[in-house]
Amino acid sequence: MAIAGLTINETRKESVNFTDSYYLASQVLIVPSGETAFDACKSADDVLAVIAEQEAGRIGGQSSTTAEYYVKGDADWGFDGIENMSWVGYTSGSLAVNDMLSGNINYVMIDEAPANMIVKKVNAAN
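One gets the numbering used here by counting positions in the sequence shown from 1 and adding 52 to each.
Be careful, since some hints might not be right.
Per label pair, the in silico range of CB-to-CB distance [claimed, not checked]:
| hint | residue 1 | residue 2 | range |
| --- | --- | --- | --- |
| 1 | S73 | G155 | 16 to 26 Å |
| 2 | S67 | D91 | 21 to 31 Å |
| 3 | G155 | T71 | 39 to 49 Å |
| 4 | D91 | E66 | 39 to 49 Å |
| 5 | Y74 | E107 | 39 to 49 Å |
| 6 | T71 | E107 | 43 to 53 Å |
In case anyone wonders, no lab produced these hints; they're calculated from the structure. Just so we're clear, the structure is a prediction, and the values are computed from it rather than from any experiment. Here a beta-carbon is modelled for each residue, glycine too, at the ideal position from N, C-alpha and C.
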């Protein structure tokens, strides 16, 4: 038995016997504090529309996570990808946020729970 953050999809069901999910995660976008383009967004579709209007950029996050598949696109997951954004992978979400704050990437995509913890730590440090 294992308990871990492993997103269920059809390909994984071929090799793993999943039980009922005990936690449902959602992806969020962390943006620099001065970024106002997303202020009126109320849904994921609104966020994607704002991103689509921007010039090419870079979204980072932890490698081999749902965020990577979402940004790059993955047929097994049913994700089309974000055409005008490239993916930059990191060993942790915190490293991605540090790189965003340094201006090396535009945004960070990550699960909501770790995003909240990382943003709280960054805000406390400033």
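Out of the numbered hints, which ones does the structure contradict? 1 and 2
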